[in-house]
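Engineer: Could you put together the complete structure from these sequences and hints?
Protein chains: 2
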Amino acid sequence: MSRDSKMQIVVIGGDAAGMSFASKVKREKPDWNVVVFERGEHVSYAACGIPYFVSREVHSLKDLQVITADQFREKRGVDVRMGWEAIEIDRDTKIVIARDVSTGEEVRQGYDNLMIGTGANAVKPPVDGIDLEGVFTVRNLSDAKRIHEFIDEHTPQAGVIIGGGYIGLEMAEALTQREIDLHLIEMLPQVLNPMDEPITEKVMKELDRHNVDVRLDSKVSAIHGKNGKVTSISIEGAPEPIPAGIVILGSGVRPNTQLAEQAGLTIGEFGGIRVDAHQRTNDPDIYAGGDCVEQHHIVTGKPTYIPLGPAANKHGRVAAVNVLGGEAEFPGVVGTAVMKVFGLTVSRTGLTTYQAKKGGFDFIEQTIQSRERAGYYPGGRKLTLHLVGEKKTGKLLGAQIAGGETAAKRIDPYAVALHNHMKLPDIAMLDLSYAPPYSPVLDPVGVAAQVAANKLT
Amino acid sequence: MSRDSKMQIVVIGGDAAGMSFASKVKREKPDWNVVVFERGEHVSYAACGIPYFVSREVHSLKDLQVITADQFREKRGVDVRMGWEAIEIDRDTKIVIARDVSTGEEVRQGYDNLMIGTGANAVKPPVDGIDLEGVFTVRNLSDAKRIHEFIDEHTPQAGVIIGGGYIGLEMAEALTQREIDLHLIEMLPQVLNPMDEPITEKVMKELDRHNVDVRLDSKVSAIHGKNGKVTSISIEGAPEPIPAGIVILGSGVRPNTQLAEQAGLTIGEFGGIRVDAHQRTNDPDIYAGGDCVEQHHIVTGKPTYIPLGPAANKHGRVAAVNVLGGEAEFPGVVGTAVMKVFGLTVSRTGLTTYQAKKGGFDFIEQTIQSRERAGYYPGGRKLTLHLVGEKKTGKLLGAQIAGGETAAKRIDPYAVALHNHMKLPDIAMLDLSYAPPYSPVLDPVGVAAQVAANKLT
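In order, the protein sequence lines correspond to chains A and W. Count along the first sequence starting at 1, add 95, and that's the number in my numbering. Count along the second sequence starting at 1, add 95, and that's the number in my numbering.
Keep in mind that the hints are not guaranteed to be accurate.
For identical chains, the list gives no copy identity; a pair is met inside one copy or between any two copies.
Once the Cα atoms are required to be at most 27 angstroms apart in a straight line, the calculated DSSO-like pairs of lysine-lysine come out as [said to hold, decoys possible]:
1) LYS453 / LYS121
2) LYS121 / LYS101
3) LYS518 / LYS453
4) LYS518 / LYS119
5) LYS324 / LYS240
6) LYS119 / LYS477
7) LYS321 / LYS452
8) LYS518 / LYS397
Calculated from the structure, these hints are not laboratory results.
Structural biologist: Dropping the structure here:
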């Protein structure tokens, strides 16, 4: 079928990947028919903003909605069907079967090209009491609304965060701002696994400074309630339960691939849908992107599962260009991320020491302390930089930074270096910006690379 | 001569390039003899900090001295001779002749390897009155001290800055903080030449907001004084003089190469000493670095003259490694710089539109506006990004950013991209850090590249 005839495009899932795909297709081909099935109540929302809505820094849930379903329909001509869940993909007849979540009504929608952006689901630990009122996952705006309203209504004095990853720590900050005394329960011997100790040490100090009681090596054995509402949590081996008027699950996410799997699409070793650089699945007419897919890791050269918003947006765009008959490739990711833990900024890119070890790399690691600005210039905070490099080749494998706000954007030069497989001595020679209000004369990004390079020989 | 025997090393000029060279050599080879001739009063000082000392944000001149001559002598074993000016290099006999600036005494110092780090001199426009009291260049700590004391003593009400480059604008901010009403005189039709209009427009607004009266296309014709002290300035074609109790010259710098030239070392087309990637001059025993040398521009592949501190430090280190018998190369620069203009941060890397035009590139340019953070997250300011790309290859040629503080470190990913000759569509796909307090979901660095890439086809 010619690309110029009117095509029928179906999208399953109305968040970042799906909607960036739909928008791009419809913008380029206004006469194509683009149907989006979204089972939830919102499309294209800023899930990462949820902690800041709960903390009241963001005042309205509307602020987290980039574009509403109505706007997609009216301004972009995308046929968004809210509250419709796709329940089957028939690849032989090229039909998606979707069901109205509230009425149970079913429709059959044919497609020329299908885009799957079904996202990920929060992992719920299999313990008693997980479904009690006051126990929340943090995935979508409906979760955000429920948490916000629950705190307003019940004003819990104590809370428990299960899981010390990004979501857990961001929610710890949010709940502390709502004046809830917090315990954070982490199964592993550290928070922010697999980040390295010179960085997580700073995070632990920051949590302590804000009176978050962190229990490492701790596993929740049961969640207790009264009248259907959560009241406390038991930890394996601990003598007595921890009081908890609210519980937040930050136990990670799992790609939502049931539909793709049933349709016989290839699933990768991390449980995500496998796609090529064009975001194409093993069915040439079906694309996928966002939190439901595995990605190529540029440093390891292997698949990885890192579900984050920026990539999802790019997946949608790349898939769209290819569906439109163009040529676009998603190069993969290097594992860049940043988060705010109270007053501390923590960033990373590439592999941590733990990951380098696991990946079988022969590596060196180096930690340096620096200031964000020229030593004599007022203000500015400390930075801790931790670098991992490959011994044999001298290549950077990864970087982590903790400290002041500039830790966020100071990780990006390392990310670009990883995209280009740069060596540590070459990173030390990079022409980075300098003026006293912004940097020491040699930026810590380069200095850390120089000091690490010295370890190579 | 074997590198392991005791070598005689001479350094001319005790600032960034010279002292980083001397320190590295002495650290690796404690028994080598390293002599530094410095004609001024200070070594290894932070010239870029001068505006912040004048503004009183930095309280003591000592804070701008990274290491003192005494510390170099005592802790690092470097034989620093303060107030000694090298007046001749005899390459045949491998001898430097130096003169004590105060006594006129001369010494002859033999060298196995010589490092030239003679820096640059401020350009003084050839107008009457340029040597009046109250007319200052801004190059070294002695200048800083004089300016500071002059303001304390005479509390000038009005001042004139000649030149709208980095130094001129930073000093405009400093003098405004000392409550001096300012005029800024710029010969060219814009400030911060050769930066582009979408950026300089923001700078002009910021200067206006702080009541700095900028006169473009204006040339100083004379500086007037009374009792040897400056009182006003005349501009060509202007009806009457501008009152000025203080005048700051920000008319640029010129590489200080007299000594090298007399010794027959090759001088490049921009007037700087020509060196290879090893920082070696055309005499294999003589190295040079810092503000007195030309550098390789990685984007144009041609020589350039961009005198900045970070490169000077690297030059010294690279030269030292080579003198020590190792192998190090300075890759060149991409023209990265950042400055603070009152509350505005302005950064650049690579070529501006003006430079791309002049360099004969067939280029596209693109300006975008963005926010520093997620739109819904409180705080954060606007950014203006201006990109220049090569039409034929799609490669990034340069980037400029103006706006909030993150404009400083957001230029660095572009700098790394330039080092790696990256194309705009690939920059759009970079895995850059995201969290709502630090960035929109797609960082403006990538978005600008995507929008610019759209112009390529």
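Engineer: Could you place LYS518 and LYS119 in one of the four classes (within, between, both, neither) given a Cα distance threshold of 27 angstroms?
Structural biologist: between (37 angstroms within a copy, 22 angstroms between copies)
Engineer: Give the relationship of LYS518 and LYS397 under a CA distance limit of 27 angstroms: within one copy only, between copies only, both, or neither.
Structural biologist: both (20 angstroms within a copy, 24 angstroms between copies)
Engineer: Under a CA distance limit of 27 angstroms, which applies to LYS121 and LYS101: within one copy, between copies, both, or neither?
Structural biologist: within (11 angstroms within a copy, 74 angstroms between copies)
Engineer: Is it within a copy, between copies, both, or neither that the alpha carbon of LYS119 lies no farther than 27 angstroms from that of LYS477?
Structural biologist: Intra 42 angstroms, inter 26 angstroms, cutoff 27 angstroms: inter-copy only.
Engineer: Could you place LYS453 and LYS121 in one of the four classes (within, between, both, neither) given a Cα distance threshold of 27 angstroms?
Structural biologist: Classified as neither; 44 angstroms inside a copy, 40 angstroms across copies.
Engineer: Up to 27 angstroms between alpha-carbons, please classify LYS518 paired with LYS453: within, between, both or neither.
Structural biologist: within (21 angstroms within a copy, 33 angstroms between copies)
Engineer: Go through the copies and call it for LYS324 and LYS240: within, between, both or neither, with a Cα cutoff of 27 angstroms.
Structural biologist: Within one copy only: 18 angstroms inside a chain, 70 angstroms across chains, cut-off 27 angstroms.
Engineer: Cα distance capped at 27 angstroms. Does LYS321 pair with LYS452 within a copy, between copies, both, or neither?
Structural biologist: neither (46 angstroms within a copy, 74 angstroms between copies)
Violation of the numbered hints given earlier is confined to hints 1, 7; the remaining hints are satisfied by the structure.
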